[in-house]
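Given chain A's structure and the hints, the job is docking chain B onto it.
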Amino acid sequence: MFISITSSKPPAANLGYILHKNPDAVQEFAVSWGKVHVFYPESSEERCTAVILADVDPVALVRGRTGSMESGPLEHYINDRPYVASSFMSVAIARIFSSALRGVCNKNPELPGQPLPLEVKIAVVYARGGEQVIRKLFEPLGYKVDVVRHTLDEKFPEWGESSYYTLDLQCEKTVSELLTHLYVLLPVLDDEKHYWVGDDEVSKLMHRGEGWLSSHPEKKLIVERYLKHRHYLAREAFARLGDDESKENENQEGYKSPEDAIESRIPLKDLRYAGITEVLKAAGCRKIIETGCGEGRMLMVLAKDPFFTEIAGSDVSAKILEKAADKLDPERFSKARNGRVKLFQASLSYRDDRFRGYDALILPEVIEHLDPYAFSAFETNIFGYIKPAVVVVSTPNIEYNSLFESIPAGSLRHKDHRFEWTRAQFREWAEKTAAAYGYTVEFSGIGEEDPDLGAPTQMCVFYEVKK
Amino acid sequence: MNITLPELALVILVGASGSGKSTFAAANFLPSESVSSDFCRKLISDDENNQSVSSEAFDLLHTIISKRLTLGKLTVVDATNVQPEARKPLLELARKYHCIPCAIVFDYPEKICRERNNNRSDRNFGNHVITRQTRQMKQALRSLKKEGFRHVFVLKDPSEAENVEITRQPLWNNRKSEHGPFDVIGDIHGCYDELLQLFDKLGYQVLQGENGRTIYHPDNRKPVFLGDYCDRGPKIAETLRLIMEISKGGNVFCVPGNHDKKLIKALSGRNVTLNHGLQNSMDQLSQETEEFRQEVSVFLDSLVSHYVLDEGRLVVAHAGMKEEMQGRGSGKVRDFALYGETTGETDEYGLPVRYNWAADYRGSATVVYGHTPVPEPAWLNKTICVDTGCVFGGNLTALRWPEKEIVSVPALKMYYEPAKPLIPIDSPENKPVRYDGLPEINDVMGNLSIETKLHHRVNIREENGRAALEAMSRYAADPRWLIYLPPTMSPAETAAEPGYLEFPHEALAYYAKNNVEKVVCEQKHMGSRAVVIVCRNRGAAERRFGIDSSEPGIIYTRTGRRFFEDVELETLILNRINNSLEKSGIWDEFETDWLCLDCELMPWSLKARELLRQQYAAVGASSSAASRCAVESLEKASERGLDVSTLLEKYSFRLNASELFRKAYGNYCWKVDSIEDVKIAPFHILAGEKSVYTHKDHVWHMEKISAFCSQDPSLLLATPYRIVDLSSEESISHCIEWWKTLTENGGEGMVVKPFDFTAHNGKSIIQPAVKCRGREYLRLIYGPEYTLPDNLERLRARGLSVKRRLALQEFALGIESLQRFVNGEPLYRYHQCAFAVLALESEPVDPRL
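First to last, the sequence lines map onto chains A and B. Count along the first sequence from 1, add 1261, and you get the number used in the numbering used here. Count along the second sequence from 1, add 131, and you get the number used in the numbering used here.
Hint data in this document are derived by calculation from the structure and do not stem from the laboratory. The beta-carbon is built from N, C-alpha and C at its ideal position, and this holds for glycine as well.
Selected chain A positions facing chain B (Cβ under 10 Å, derived; list incomplete):
hint, residue
1, Pro-1319
2, Trp-1420
3, Ser-1578
4, Ala-1579
Chain A on its own, in the form it takes in the complex:
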């Protein structure tokens, strides 16, 4: 990773004093993840350029797991980390230019306080969010920004552009200001800090952001990314910045599907839970199993209702069941109500007698995650083999998608959805299945109904025909 800082105010070599690095020397500094070199490719009366070359050791990064507390891209040798100016560079700046960062120079105490015409080149930055984010971060601070975006591979134009940029900044600032901004903003651009972010990170940010962060229009983005999306830290930071942003920053993590957006605009989940609960009660079902329970939100609703005497949740992912177990704390329920809630790993593609013995089997928002084979297996398994008395199925109504701006035309609500159905498709499937396996079926919609497009979620309830 490469940064050059050029001063063009004579005597330009003063830059050396400000940085505490002799323009005629080539210096090397050891850091935990590699080496940092500082040298000056030019130094004259008019122009003086300092280069910081930080050299991350890719082999040590993988072998010794240096610098990483979490798994992720750092685990691979095929890794952009050695080349991208990121949190590694911030660490290098703080370590090697601590005086310059603070604006201290013992020999010439007046020098660091003087703004200089500075040019900065950074090769390369990774900009999550693209050029727009780079400009939004630097321009409000008074930088003139020029970027060159790198193509992924000229030989394969169909692969498109990369998110890597070579960045040129121009400004009239003190070196201390410049280094402070880089220290904070490089990791923000990259959005992939290499070290564990703890409580003291908030203080660091407050310290480095003094005088500029609270008035930065993108402070929300800066705080969240700088604190690695740890919400409790972000809340603390906003509070310390004297902001009430702290209240509205829930649920911002990672990948956001259009479905999440829909879900947050209208509390569709809650409506669905309520709708299913109502159907179950009306049918007098007290023992319920949910296949594909995920993190257990529906189970939670059932568990709180004393009407239901036995509640089981299964999911194909062992990992997500652990989360569900944390949320549900089956212990708590079981002690009070004698094993009323239980969780187990299971798959709809395998015959499994543990699905038996319940009054109803529910599959809210499950079927759209099934491949054609898994789907046919689910039908045979549930309707042909387990034969619950009541089966509840809900799934998105694709017709309704056009009412959501967040869903591009023709795409589905979640990247793991294998299909979404119109009301007619849903009805056709359900009626055919009911007829084949001896069930009757009733349909309803969940959520605000559109006169033409129906409700956002469609639901049907199968009742076994008693002989």
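This is chain B only, laid out in the frame that chain A set:
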């Protein structure tokens, strides 16, 4: 005294304390066969006389008995057993595991027990205890038979006990030493003419014996009749007469059917409803002599409900036989053999709904049965029903054993109207019977442990199984297609050659060290692993895989996922391969209508486009841009006279490395617009209808593959290869030159395989293949700059042992899976292997190996 015990019995010893039960058990049974309550007390509390742990001790006793009876082991219960409440749970256990309960009673005078007890230092029972126990023993003598003990033996004094001789008698149904060959014939119901035709078709000659006709087979084949000889059909008396005559000759096995049992009752004058065709039997038999009717009764009554034949490989019964009942004797076993199981419900025709025990069957013995008419016999989990409803106008069917061929003759007419229509063969209701349906969760979860023929038993850790369940359920194709998942492959040991991480020497040395003389070195293609199953026609997919769609086969990835979302492209490719196989005559030569091929599918970018964009191209772009800036400023610094020579050299190296890196992956990428841009390189012909082709050496595979690849060279690539003689320096150095040229021109490298498909070193099988990857290719694994001497040195330390263990286990599982499929074993049996491979793949191992 001689005591004859059934070989599978629960034997309880009944007698007061001091009657010598333990001594008797020690003298007559294996130490492990006798379980004593005192021993259980001791196990729990260190004291075999501790009466305060009785309840726990008996819990343990019963547990041990359960485990032994489950395994079919004769078990002797060494406890006083004088109280009925102590015997009751034992009787229940015997019943539960279908073992015959027997009792041996020590009916000694009280005096003897007292004396013996008083002489024992470790026991201080009061005499009143002995008195009570003796009294209870006397009471037991009267009630044991009533309670359900089938055999009760009474020993009157110690000398009698000392002279006992115990004989173990095999059960009537145990005829494991009979090896056939057999012809197992389904329900006849008086269809005498069809029976004669079937005999003829099976090669039997009908002869005139002393009292009537009998049969003879020149190859000494033996018929096995599955019961229901009578009722409904036209010639019931003739049928019975022939079968009785055949059975006098001995070379035959007959089991009874439910109709036969009812006929016995009717003949003995009991009040039974003459329905379901019994009237026909009674009418026809009334034309016969009383003597004949008597003979029929005796014959039918003498039949044993089921047989275990051919070393336990074959079980025959009228209505089927569950695994836990096979070879056992109890009322329940007999009932099951006659009637099977019902769900307790009745269907719309008023007939009992049968519980499909065969769907749950997981036994290793093949079960052949009748009872339920089916339109066509179909295998389900190693069971097959051969009642094809002859009397209803269907067929009379036999299964030839061990050939497993179906031979049948059509009914001459419909003799009896069925109460409900036979299920049409393609109705959905018939599906779960014809095919195995879904695998069962217990087939794969819990403690999955697979015995492979090649490489011992493979045990799957539960957490790996959990990961596999998710992968299998979320992404994999229909398990009926997944007859093979390919194994991982280990690289050669790290090279000694300077500047290289992998070099041919080590790969060749691995085989030389393991006593292999000749190896085959195949060029390694760099694409994505693909398993191709291609069917010659639609019928093959349906017949052999049970997949009734129009799919001409499948192409799937190493994790069992469909390779193509684009079904049209997949079909196009499969059709092209099919044509090549057709044109080259492979289908006919191999006598098969399907083949499973192990392939590499190119380009890499077809499947790995996102990986390439997000990781490879990204690293290429960023490293190249960053290094270029560094080099430019270092050059300037150098011009200024600063000493940056080391740095400049390093960054120039980096800049160059990043270009080489981009070139390295670029070799394996091209745009795919149509099938014309896809290349497939098959390298193993894994299996077809007749065989798993692991008995053929790799040159055979290469040659056969090359033969059909040449029919369509724009799609199919024959793999270049070399045979290397490991004892010849010259042969080795040619190989190294070849590898160098290959890898310097952008090739990934080579795979070295022993000449034979599977090779042993005397102790176990060895790696079926070892890869040796090129210097440039390895940039894609270890990063653009791995060739920096400093980096290379550190990378040399690689632990191969886990990778090699997995490679062997997965290889053995893959071949096992194919073998099971080719043998016609049920879905769950080969699915377990595929599942296990996927589970092993979740084992943490250095992904760069």
